[in-house]
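Kindly generate the complete structure, drawing on both the sequences and the hints.
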Amino acid sequence: MIMEKVTAKVFRYDPTTDAEARYETFEVPHEPGMRVLDVLLYIQENLDASLAFRYCCRRRRCGSCALMLNGKPVLACTAEAKENMVLEPSPNLPIIRDLVVETAEYEERIQEISPFLQRDKPPAREPEKLFPRDFTTVRPLNQCIECFSCMNACPVNGLKWPGFAGPTTLIQLARRLFDPRDGLDRLPDAARAGFQHCVSCYSCVNACPVEIGVLEGAIENIRQKFVAGEKKGYAKYNQVWKDLVVTNGLVNPFILMRRTSSLGGLLSNMAIGLRFFSKGKISLGSKRLNKIDEVRLIAKEIGEKQ
Amino acid sequence: MNVAYFAGCSPQSTTKELDASTRRTAQALGFQLKELREATCCGSVELKLNNDDLFYSLNARTLAMAERESDILMTVCNTCQLMLSQANRRLKADGEMRERANRVLAGMGLKYEGRVEVKHYLWLLLNDLGLERLAERISKPASGLKVAPFYGCHILRPKEALGFEDPDEPHSLEDLINLMKAVPVDYPGKIKCCGFHNLPYDKDLAIALTGQYLLEAKKAGAECLVTPCPLCFTMLDGYQAEAEKKLKTIINLPVFHLPQLIGLALGLDPEALMLGRNMVPVGGVLSRFRGR
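Here the protein sequences come in this chain order: F and Z. Note that the first sequence covers residues 1 to 306 in the working numbering. Note that the second sequence covers residues 1001 to 1292 in the working numbering.
Take the hints with a grain of salt, since some may be wrong.
To give a feel for the contact side, a few chain Z residues facing chain F, derived at Cβ under 8 Å [claimed, not checked]:
#	residue
1	Q1012
2	K1146
3	P1170
4	H1171
5	H1197
6	N1198
7	D1202
8	E1242
For lysine-lysine, the following BS3-like pairs were computed, each having C-alpha atoms within a straight-line distance of at most 30 Å [what the hints assert, rightly or not]:
#	chain 1	residue 1	chain 2	residue 2
9	F	K9	Z	K1219
10	F	K9	Z	K1140
11	F	K287	Z	K1034
12	Z	K1140	Z	K1181
13	Z	K1111	F	K291
14	F	K232	Z	K1246
15	F	K160	Z	K1218
Everything labelled a hint here was simulated from the structure, so no lab data went into it. Beta carbons are placed, not taken as given, at the ideal position from N, Cα and C, and that holds for glycine.
Right under this line is the structure:
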């Protein structure tokens, strides 16, 4: 079916004059290959010159045209115009006008992790000899255009969770952490940026317009580094999980909690624990696979301590 | 249809009712489940981070065991689905890793060949059984019951590892809800994260996320929820009382595992579906499932 027009319901708000936000609906003639940005430009040029939105490069490089299309974070320059669209500004940020938001808060979060190379010694020679193999983690992260689409998609950032600097900040941190030239101990910054609050939901991955694999490329690499270097808290939980798999084959959530919680943690879970127990949801003993020797052999063969 | 059945840790401990209702509904619908009793935990996010070599090798063992039983490995947990899909994908693509895993597996009489497809029970119901055949089996539709679907993350994202449906606009649960003449309730949280994986070290965050979606569903008019994931179920059902405490409000939304809801529509005995193990009582909505 040929689409003749698109309908865009656009968020409008000027905090200097409006008591509250409203939505205005515009009808725009559709053209093949039309993008959301084309719709916005048509509205501005033909229907309402006062509509405010940001854009610059028009080719997915600057990240400035990020907004929400039908509740999903997109770049206006690449997202295809749909028949019925609701266009809203990036959430969780102060509105400057209409679809334009103030991103200073996110930029400050990035500044706090010293997002630049910090060498502890000068290069051995100039020009410095660099090997592509040393930059396999960093290279895709360098593609980040800081459009904040991952921030807009992240449910934890959506809650404005204290101590969580958000996925874009963690990408920028990982760019330096995994750069072999960088000499700064960045794990304390990673902990302060709250990588442990990430819920591994892949919303950031789904939202990233340049497909850099935010979770596996940045956050999980930071976690892996942290797990390897620490023995308590988050790292202990991962270690106990692995130990239970190698010892029993399965993970009993009760045993896992008992072995990883502090006394205070156990006490705070007492009420819910009793409710789970009353429904038969807690097994005190560990179920072990009959063929657990096979699991241990695999662990041994790949050099793991049992 | 023969399918290798991977129960996973949760349905063997905290959510035994999921295991029971899966077996009962699968039997009623003509699936022959070949349970992988000696399969390990999928490793979840934790093992993948701690030692990814061990993660892939153990899952190669599970996939190799499944290959002996069927060309389909069925899961009932979103995270198991994602972990096994990711492992299968990587093992298929990475010859070196596959060889390393097979060297160890050879001593156990196993070999991973990449012949099995990992499928969630929800996907099997929709694609392998099909909506038409499922509709024929529904004897007790829940006419007008407002059911809020809760997909959870790891059955939708990342798309390249799962790819069953559009992660932004899924409709598989809605299709099943419609099939039983119930009414799917739309709300933004249905495709978001329950926070389960942060529960052990960030309980307040997990409860804040779950509470937000429960409230959204309630406000949208839901009378109950359904989820294809035991981890999401644990948050939505098991921690609902904690969410109520935190939000200082009564939510009282019964939550069903997917096969529990299907089982009721198939006319199966509620006791066989172990509905009594659900933390939020479901009695109030049972009467809505009536014979034609």
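What hint numbers does the structure not satisfy?
2, 3, 4, 10
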